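S.K.: Residue-level listing of the chains:
There are 6 protein chains.
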Amino acid sequence: MSEYKFINFTVDNGVGHLELNRPEKKNAINDSLCLEIEDAFINLPDDVSVIVFSGSGPEFCSGLDLSEHKAREPFEVVKHSNMWHRVFGHITNSGIPVVAAMHGAVIGGGLELAITAHVRVTDETTFYRLPEGKHGIFVGGGASVNVAKVIGTSRMTEMMLTGRNVDAEEGYRIGLGHYVVEKGQALQKAFEIAQGIAKNSKYSNWAMTTGLRNIESMAADQGLYTESLLCGITQTSEEVKARIDAFLNRKKS
Amino acid sequence: MSEYKFINFTVDNGVGHLELNRPEKKNAINDSLCLEIEDAFINLPDDVSVIVFSGSGPEFCSGLDLSEHKAREPFEVVKHSNMWHRVFGHITNSGIPVVAAMHGAVIGGGLELAITAHVRVTDETTFYRLPEGKHGIFVGGGASVNVAKVIGTSRMTEMMLTGRNVDAEEGYRIGLGHYVVEKGQALQKAFEIAQGIAKNSKYSNWAMTTGLRNIESMAADQGLYTESLLCGITQTSEEVKARIDAFLNRKKS
Amino acid sequence: MSEYKFINFTVDNGVGHLELNRPEKKNAINDSLCLEIEDAFINLPDDVSVIVFSGSGPEFCSGLDLSEHKAREPFEVVKHSNMWHRVFGHITNSGIPVVAAMHGAVIGGGLELAITAHVRVTDETTFYRLPEGKHGIFVGGGASVNVAKVIGTSRMTEMMLTGRNVDAEEGYRIGLGHYVVEKGQALQKAFEIAQGIAKNSKYSNWAMTTGLRNIESMAADQGLYTESLLCGITQTSEEVKARIDAFLNRKKS
Amino acid sequence: MSEYKFINFTVDNGVGHLELNRPEKKNAINDSLCLEIEDAFINLPDDVSVIVFSGSGPEFCSGLDLSEHKAREPFEVVKHSNMWHRVFGHITNSGIPVVAAMHGAVIGGGLELAITAHVRVTDETTFYRLPEGKHGIFVGGGASVNVAKVIGTSRMTEMMLTGRNVDAEEGYRIGLGHYVVEKGQALQKAFEIAQGIAKNSKYSNWAMTTGLRNIESMAADQGLYTESLLCGITQTSEEVKARIDAFLNRKKS
Amino acid sequence: MSEYKFINFTVDNGVGHLELNRPEKKNAINDSLCLEIEDAFINLPDDVSVIVFSGSGPEFCSGLDLSEHKAREPFEVVKHSNMWHRVFGHITNSGIPVVAAMHGAVIGGGLELAITAHVRVTDETTFYRLPEGKHGIFVGGGASVNVAKVIGTSRMTEMMLTGRNVDAEEGYRIGLGHYVVEKGQALQKAFEIAQGIAKNSKYSNWAMTTGLRNIESMAADQGLYTESLLCGITQTSEEVKARIDAFLNRKKS
Amino acid sequence: MSEYKFINFTVDNGVGHLELNRPEKKNAINDSLCLEIEDAFINLPDDVSVIVFSGSGPEFCSGLDLSEHKAREPFEVVKHSNMWHRVFGHITNSGIPVVAAMHGAVIGGGLELAITAHVRVTDETTFYRLPEGKHGIFVGGGASVNVAKVIGTSRMTEMMLTGRNVDAEEGYRIGLGHYVVEKGQALQKAFEIAQGIAKNSKYSNWAMTTGLRNIESMAADQGLYTESLLCGITQTSEEVKARIDAFLNRKKS
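Chains as they are written, first to last, in numbering that gives the first Met the number 0: chain A, 0 to 252; chain B, 0 to 252; chain C, 0 to 252; chain D, 0 to 252; chain E, 0 to 252; chain F, 0 to 252.
Simulated from the structure, these hints should not be mistaken for laboratory data.
Errors might be hidden in some of the hints.
Stated by the list, open to error - The list that follows gives simulated cross-link-like pairs (lysine-lysine, BS3-like), each with its CA atoms no further than 30 Å apart:
#	chain 1	residue 1	chain 2	residue 2
1	F	K201	C	K240
2	F	K4	D	K240
3	B	K240	D	K240
4	B	K4	A	K250
5	B	K201	C	K133
6	B	K250	C	K78
7	A	K4	C	K240
8	F	K201	D	K240
9	E	K198	E	K251
10	C	K4	B	K250
11	F	K78	E	K69
12	D	K188	F	K133
13	A	K4	C	K251
14	B	K69	A	K240
Unchecked claim - Computed far set for chain E versus chain C, every beta-carbon distance over 10 Å:
#	residue
15	T9
16	P22
17	K25
18	E72
19	T91
20	V149
21	L186
22	I232
23	A241
24	K251
Quick caveat: nothing in here was measured; it's all calculated off a predicted structure.
Even glycine gets a Cβ: it sits at the ideal position worked out from N, Cα and C.
Given only the sequences and the hints, what does the whole structure look like? Please build it.
M.R.: Structure representation (structure tokens):
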């Protein structure tokens with residue numbers, strides 16, 4: 000495993016832990032941090048079956064590091080956004096479930112990062128904001144797709160136009176967080192959930208994390224067709240028979 | 000009307016009632032039960048204007064009957080899933096509104112069946128679960144399309160990865176159920192709603208149940224175009240003028 | 000600025016105010032009212048950066064003026080619906096954010112009108128209804144696309160089939176309203192929000208209101224591509240550097 | 000096998016032959032003929048691996064039988080078109096390849112029928128026409144989807160607006176026919192092709208006929224995902240190893 | 000009818016004729032010419048049932064008038080492209096068929112204009128080119144959608160990357176032109192075709208020009224659904240019965 | 000630049016040349032060859048503005064190396080196909096135009112590889128085949144998306160079902176090749192075209208190769224919106240003014 004400067008990545012018993020580790024900057028995202036995340040995902044050890052994602056220090060992530068902002072030609076801005084999309088895509092599409100543990104600020108690019116996780120645990124200090132309009136820019140790390148799909152384009156538009164704070168409770172209600180726990184408990188809850196997910200078939204986990212996302216972008220009938228293929232792919236493994244037999248036996252006894 | 004083994008289908012005053020009737024197995028779905036549902040929908044009497052769907056016994060439906068599970072070639076699994084899609088499609092797309100009354104377990108294939116209904120009434124004992132990951136399989140009765148469209152792909156992914164229970168209240172909040180009533184009252188509430196729906200124009204009911212679903216799979220501009228055609232189709236009937244005159248008269252008096 | 004019969008349109012300090020002004024008819028929508036709205040949007044003064052939309056009198060809008068309903072050939076009905084789509088499209092797609100202030104009845108076409116606004120403030124007297132099924136018709140002002148995208152096709156189908164009232168609180172929960180305030184306070188709240196939005200970069204406001212809506216109709220990967228282009232377009236303006244510098248200075252001090 | 004009035008359906012050595020058999024009416028399509036086609040496809044014998052489709056008499060098919068045309072309410076017209084779509088869908092989507100042999104007139108509904116075949120052989124007497132505009136109607140058997148996908152929407156629009164004849168050669172060039180043979184030779188050529196197709200793996204034939212059509216309606220990235228699943232489904236069969244070994248042996252020798 | 004500076008618009012016996020009239024500039028497109036086209040389409044006389052579109056002088060249209068090019072902010076460029084899309088959209092989507100007569104140069108924006116016509120007649124001097132790459136820009140009048148849908152994205156990419164000439168014959172083969180006639184005969188041929196189209200039902204013409212284009216952007220199943228609605232809209236008119244009876248009588252006699 | 004075993008990659012004056020170099024196996028594709036292509040594209044030198052792609056020896060590429068075929072679990076087959084998609088995606092989506100020079104056999108995976116190029120030159124010995132059906136498998140390197148988009152799903156289905164040869168001339172007619180030159184001349188022609196493309200603005204080349212492909216997967220209105228953004232991105236560069244001025248000056252003189 001590489002040595003990283005802005006993140007930590009450790010594996011314990013098949014559960015990976017990727018921690019943003021730039022607390023003095025509220026885990027603000029610069030290019031190096033991005034590329035370290037990509038490196039971790041490209042080189043996942045084979046035995047990793049689930050990953051927990053969190054941020055060290057008082058905030059989960061305050062977003063793009065604006066202090067490193069520089070004027071760029073439009074084309075350079077586009078390429079920069081393409082790079083974020085590529086990196087964040089690794090998190091969503093690796094076929095390995097990712098559970099995020101959030102607390103404090105989840106702002107701008109921080110929300111774009113968090114939303115790539117498949118399960119999102121927050122503590123009650125968590126709050127969200129998309130302040131891009133105030134800076135005169137637009138989101139560039141996938142929020143217009145990924146956040147909008149979670150909270151709906153209408154709520155997303157309102158949230159971006161006003162740049163207002165959304166607290167943990169509202170975030171739960173509209174789907175930004177799937178769980179709200181007491182202050183300081185998000186990481187522990189995330190590990191509990193991750194350990195449960197690790198007990199699923201890895202084929203099922205792969206089908207859930209890649210299949211549902213692809214089906215979301217299809218018309219209904221094409222989605223059903225693809226679902227039937229995913230059924231065929233997953234149900235053939237030896238493992239399935241054993242799992243179902245065990246289940247039926249548990250039910251009997 | 001045919002005699003069925005696993006379902007009951009009766010019609011009273013234009014309101015059909017399709018009841019899963021395999022209570023000793025918690026209404027678990029096997030192929031015969033599926034094909035009986037299809038038979039009922041293909042042979043709907045002309046005077047049926049709305050259908051209530053429910054399950055007999057202590058649970059609505061515990062899903063696929065795993066005790067009949069057999070190892071199949073991938074291709075056979077695909078064909079089996081295609082069959083479920085065909086049958087469940089009859090429920091959603093017949094042009095006749097369907098109101099489901101749920102209680103107790105609505106698990107796996109049971110949720111895939113329930114979600115095909117256009118209005119879903121639950122009582123407070125209702126709970127939902129998508130346990131496929133624990134068995135090593137994937138959903139195959141349309142959940143990846145139909146449940147995901149209701150609760151969003153993100154919540155769906157979380158629910159499948161964790162395999163956790165969702166209770167009636169949370170189910171109401173995220174849209175799995177449209178109504179929550181007291182224990183044992185779901186069927187009566189469903190009939191009340193069905194009788195209200197039966198008073199709509201049958202053309203409107205057809206346009207609502209088929210049009211909205213098709214428009215959902217279109218880009219926005221194509222959806223608007225199709226909406227305008229549905230307007231043209233429904234507004235021409237003689238019935239409309241009479242209905243609007245009656246409405247205006249009621250308002251005046 | 001033209002003189003209008005059914006609406007008022009005024010501008011104060013860059014904030015436009017479009018008021019439905021047919022209170023004796025509960026602001027029911029006829030063709031003239033529609034075309035006046037279109038005229039106002041086509042001729043927006045250059046200095047307008049945000050618009051507040053409201054209704055005079057006791058109700059926001061009771062929908063299509065049924066008393067002007069006439070039997071039409073199917074083709075004429077289609078053309079009429081096309082006209083509504085064209086007019087309402089101006090509201091959503093002008094690139095200028097629109098904040099609606101609602102109270103009382105928001106029924107049928109009234110909801111189709113309200114949903115075109117990017118931010119929707121309601122007071123606690125607000126209620127919604129889609130009664131088309133009772134009249135034997137279908138929605139024709141974009142609800143099957145625009146309302147369905149906000150509340151989901153499943154809830155939309157239930158709401159149309161039953162024709163029931165949705166109150167302000169439920170409307171907030173399912174997304175029809177973004178804010179609920181005390182009776183009579185919606186217009187003031189809408190102006191406060193509008194003034195905040197006016198402080199955003201106009202490029203950001205344009206990108207949020209047009210970009211998110213277009214991205215919603217794309218598959219995920221195409222959405223990301225388009226997001227990157229929007230980044231490139233907005234981030235080049237001189238204004239951005241000034242805004243970010245000001246922000247960083249505020250943070251330091 | 001049922002006795003049919005308007006079609007013949009025979010099977011010889013795994014190759015089905017469905018022949019339109021209403022020569023005195025140029026094989027014009029009425030409801031009974033449609034429903035007989037559906038019946039044949041629903042009840043395909045298990046050993047049928049490919050089907051040849053042709054028309055008896057001097058013309059392949061002159062389209063909708065206008066002499067049975069009756070004035071219908073708009074809604075009834077819609078339902079009638081839905082029925083054609085359902086029937087023609089059986090031909091395209093059964094998973095069994097269909098080879099059409101055409102000659103003479105392929106007009107209106109006749110072209111809608113022909114285009115459902117996966118391989119289309121014509122003789123040099125074949126000609127096509129979409130005359131609906133002259134009758135004041137629109138296509139209703141799928142041409143606006145299925146013919147337009149083959150020749151492009153632009154050419155389709157020109158062909159419908161002018162209602163002109165397209166001869167066998169032009170039809171070949173724009174894709175309506177895949178082969179042009181000498182007068183009277185289409186049926187024999189179709190059988191030769193069908194016999195070749197029958198030698199493919201039935202899994203491959205199923206994947207080609209159902210997969211390509213579904214992928215056509217997806218965005219590119221979703222299409223690739225689905226392709227990878229189809230790979231997984233087909234490549235697992237025992238048959239594949241045997242086929243590849245045989246191929247490698249043939250190459251060596 | 001307004002007096003225009005850069006176009007002529009005349010109507011004779013229900014056939015409109017819109018002629019680009021800036022021959023000294025090879026009919027190069029500037030903003031005024033664009034807005035005159037829009038004005039003509041917004042104010043079409045009611046009796047116009049088909050329109051012929053042509054260019055005066057030695058060339059059809061040499062595209063964007065580069066001599067009026069000015070450096071613009073990215074946002075201004077976007078708005079300018081939006082304006083072209085709006086104007087050219089009137090030509091394609093008015094519901095009235097448009098027949099273009101082309102000769103000589105059809106370059107860049109000139110091809111974007113020509114492709115909006117539903118039927119395209121060329122003479123043998125016609126040639127096409129998309130030279131944007133050489134100028135360092137991209138198409139902005141709809142070519143990336145409208146030309147690509149006609150010739151395919153692959154051919155479009157090749158044509159743009161090389162910036163090469165496509166002559167009348169190749170243009171016919173790949174679909175840019177639907178007819179090639181002798182030098183100087185395109186306008187007369189276009190009028191002949193237009194007069195034929197004028198004899199169709201106006202409902203059919205409307206359905207063909209608006210329906211096929213919308214269906215092209217839908218998945219297959221949604222396209223079929225929309226086709227069935229278009230059937231219902233068009234087949235109800237009184238005119239249809241008369242047209243079909245006349246047709247059957249002609250056949251008998 | 001790395002040393003490769005199965006490919007050569009050289010750069011001369013900004014033009015890259017990637018040559019398949021496994022002539023003794025007819026350039027059959029195994030995993031190592033795939034990963035070498037990926038490595039070359041990930042590490043493109045900054046000065047490469049266009050790439051020529053060819054195959055050494057008597058054939059362009061005979062496809063997947065079947066002699067390395069092994070029985071795999073369905074899931075492993077899916078992952079293998081995903082890998083091909085990832086690698087071939089680099090060729091299509093790098094933003095750098097790729098010109099393929101083909102000759103002899105372009106079979107199965109060889110066609111999947113060739114089709115990723117933006118411009119495709121063939122000599123008259125070139126022929127194409129998709130023989131997967133005979134082996135009992137399905138395409139897995141993107142043909143069901145990328146080849147189908149070029150030749151249409153209908154022709155693709157016919158070509159796969161029959162597994163027949165398509166020669167250079169037919170390949171040109173249906174779009175598999177954009178140019179056919181004399182035997183042995185394809186590589187030289189490809190270099191000529193590449194040198195022309197290298198003279199375009201790199202921004203335009205990027206927009207053409209990435210933009211058109213993304214727009215292809217959008218509905219028409221979203222495509223137009225994205226086109227307008229691409230206009231805004233490309234037209235801002237300093238280079239554009241200089242290019243247009245030079246062009247206008249050339250025209251004057």
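S.K.: Hint by hint, where does the structure go against what was stated? Just the numbers, ascending.
M.R.: 3, 8, 11, 18, 22
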